[in-house]
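*Asks:* With the first letter of the sequence shown counted as 1, position 80 gets the number 112 in the working numbering; the numbers rise by one all the way through.
No lab work stands behind these hints: they were computed from the structure. Careful: at least some of the hints might be erroneous.
The following label-pair restraints were derived from C-beta to C-beta distances [said to hold, decoys possible]:
1. ALA72 - GLY214: 21 to 29 Å
2. SER415 - GLY138: 58 to 66 Å
3. ALA410 - THR213: 38 to 46 Å
4. ALA72 - GLN365: 54 to 62 Å
5. GLY298 - THR467: 34 to 42 Å
6. ASP233 - ARG87: 15 to 23 Å
7. GLU185 - GLY423: 52 to 60 Å
8. ASP427 - ALA188: 51 to 59 Å
9. ALA188 - THR467: 39 to 47 Å
10. ALA270 - ASP152: 21 to 29 Å
Where a beta carbon is used, it is the ideal one built from N, C-alpha and C, also for glycine.
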Amino acid sequence: MSQAGQGEDAKRLKVAVLGCGSVGSQVVRLLTTQADDLAARIGARVDLVAVAVRRLDAPREVEVPEGLLTTDADALVARGDLDLVIEVIGGIEPARGLILSALEHGASVVTANKALVAEDGPTLFEAAEKAGRDLFYEAAVAGAIPILRPLRESLAGDRVTRVLGIVNGTTNFILDKMDTTGAGFSEALEEAQELGYAEADPTADVEGFDAAAKAAILASLAFHTRVGAADVYREGIADVTAADVASAREMKSVVKLLAICELRDGAVSARVHPAMIPLSHPLASVREAYNAVFVESEAAGQLMFYGPGAGGSPTASAVLGDLVTAARNRVNQTQGPGESAYADRVVLPMGETLTRYHVGIDVEDKAGVLAAVATAFAEHGVSIQTVRQEGRGADAQLVVVSHRATDAQLRATVEALQEMDMVREVTSVMRVEGTNE
33 MSQAGQGEDA KRLKVAVLGC GSVGSQVVRL LTTQADDLAA RIGARVDLVA
83 VAVRRLDAPR EVEVPEGLLT TDADALVARG DLDLVIEVIG GIEPARGLIL
133 SALEHGASVV TANKALVAED GPTLFEAAEK AGRDLFYEAA VAGAIPILRP
183 LRESLAGDRV TRVLGIVNGT TNFILDKMDT TGAGFSEALE EAQELGYAEA
233 DPTADVEGFD AAAKAAILAS LAFHTRVGAA DVYREGIADV TAADVASARE
283 MKSVVKLLAI CELRDGAVSA RVHPAMIPLS HPLASVREAY NAVFVESEAA
333 GQLMFYGPGA GGSPTASAVL GDLVTAARNR VNQTQGPGES AYADRVVLPM
383 GETLTRYHVG IDVEDKAGVL AAVATAFAEH GVSIQTVRQE GRGADAQLVV
433 VSHRATDAQL RATVEALQEM DMVREVTSVM RVEGTNE
């Protein structure tokens with residue numbers, strides 16, 4: 033008998049799945065249909081022994097083998113003979129309590145729960161370390177795209193300076209439709225809901241909460257600094273207008289909701305907001321519901337990770353990748369790298385972050401207006417890169433793009449413009465990213 037065969041006979045690993053929604057059902061499908069392949073990769077068979085659900089009679093995308101469904105998740109994770117637990121319930125509770133109980137009772141855990149990892153990751157990592165078990169969460173960010181392990185392991189010897197990502201497929205689909213069809217936000221959102229890209233309540237996506245949780249995880253790994261969701265500045269896309277998108281097009285740019293994590297002068301910043309990026313930037317070509325993460329580091333230079341960022345099958349693929357790693361560790365009686373050794377870096381408030389602004393201003397069309405606007409920028413220490421003016425009868429519109437300055441300086445400039453008598457209205461304010469101007 034081969035060594036692999038001997039290992040499979042000697043050790044069978046018991047796995048339980050918490051949740052059987054769009055992701056959980058695909059995890060169950062892969063565990064059952066790819067059992068032989070998984071055994072060959074791991075060196076031991078992985079036996080699905082239970083699937084915890086809220087309702088036994090709920091419709092599901094996959095047929096769960098008879099006798100495996102249970103509604104008592106608490107008893108399941110505490111039974112003491114599980115080797116691996118996969119958590120795909122989502123949310124904070126009961127997921128947190130179930131994961132902690134699973135670790136305490138000897139199981140390694142794989143989770144796709146970005147909200148929980150972003151909010152209370154240190155508690156989970158500490159519990160895993162204490163139990164001597166693995167906690168993996170590759171599926172928490174960008175679906176099938178392998179980004180967390182490269183940051184945690186492949187780039188561990190490098191110095192990552194910036195992570196710029198499209199990490200929410202719903203918002204990218206909406207903004208892409210606004211760009212390619214000229215639709216307004218509401219119209220594009222309605223199409224996203226009809227196609228299943230957006231939930232009936234799209235708040236977590238369109239207001240940036242989902243992306244902010246992912247940004248916290250990315251920043252924590254990239255910069256070896258504990259960054260929570262509360263540390264991430266957040267703006268959604270609900271206020272992005274068709275005029276904003278059209279203005280970006282005139283600048284040979286597109287509007288994207290970006291997660292931006294930066295290391296500057298030893299301090300960390302993390303933010304999520306819509307921004308214009310030039311068509312020449314690789315992220316500008318990311319269409320529909322796809323995700324991409326652009327990483328800049330001192331030695332490796334620029335790296336791009338691209339692929340489907342959500343959905344049952346792509347996310348399940350990332351979950352199974354973590355499962356194989358955790359299962360191998362159980363077979364070999366080893367443990368993964370665990371939480372990074374953390375640097376004591378300051379997390380900058382948004383006001384101290386360097387950025388650029390695109391500002392649309394309706395003004396009186398008379399002599400001295402342009403000079404007054406330029407003076408307002410100069411008084412707040414903001415240098416102007418370009419100005420475009422269009423006449424509109426007695427009024428005119430100025431479109432000003434700044435050089436990099438702190439967000440506080442730029443906000444103060446906009447406030448000063450709004451108070452000027454010759455300014456009718458500041459019609460648009462959007463950040464500009466993806467260039468070094």
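*Asks:* Of the hints given before, which are not true for this structure?
*Replies:* As far as the earlier hints go, 1, 4, 5, 9 are violated by this structure, in ascending order.
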